[in-house]
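Asks: If you read the sequence shown in the working numbering, its first letter stands for residue 1, the second for the next number, and so on.
For the record, the hints were derived by calculation from the structure and aren't laboratory data. Incorrect hints may have been included.
[As the list claims (entries may be wrong)] Here are the simulated BS3-like pairs of lysine-lysine, each with C-alpha atoms no more than 27 Å apart in a straight line:
#	residue 1	residue 2
1	K38	K70
2	K70	K212
3	K212	K74
This one's a predicted model, so the numbers in the text were calculated from it and none came from an experiment.
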Amino acid sequence: MIARERLSADVHQDLLGRIIRREFTPGQRLRDTELAEKLGARRTPTRQALRRLAREGFLSSQKHLGFSVKLLKKSEIQEVYPLVRLLECSALEEAPIPCAEKLARLESLARDLEAEGLDPFRRIELDSSWHAALIEDNGNSSLLRVLSDLKSILFRYEYAFMQDDELVAASVAEHCAIAASLGRKNRSEAVGLLRAHWDRCTEATLADFHSK
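Please put together the full structure from these sequences, using the hints given.
Replies: Structure representation (structure tokens):
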């Protein structure tokens, strides 16, 4: 339960986790009064959190109908993943070759992702941190902001991906191979491996979507 004196950011994180874990089903209507009672929060911060989730693309909002969880769409996977691949590869092409300290951080994040017993939500956080660290010093703040917004759309799809230990292990191996290429100062190889990584993630996510 969230304490009543807590702010909308707390409610936002709680609701975001529930949406990603599919505790709220796609298409389900969310009423602020009911949620406030369920979460032990006030109505105002609950409504602020719902509005923020709508801006971020997790909810739909219609006048007089309130909020509902956005439907999962095959077209969203097909449209957003290639954009993320394009932008992240472009960012890596322009980023400086990482120093030894940066490479060590990338390796540490990859190994943390590989650890057994992690819940999918934590795996998403670690995976996101690895990709963010890879290109954080690119220097193009606008590109990084757009990329971050696009990736937030994929959170709901990646929850299922991160439940599969084999898919996660493959991602870890690919992360390590990308970092190793950068360690050899072979940027073009690293970009090619990153492109292939996103292609595989797209195919795996589409396969999961079709299976359901």
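Asks: Determine for every hint whether it applies to the structure shown.
Replies: The hints, checked one at a time:
| no. | hint | result |
| --- | --- | --- |
| 1 | K38 with K70 | holds (21 Å) |
| 2 | K70 with K212 | holds (16 Å) |
| 3 | K212 with K74 | holds (11 Å) |
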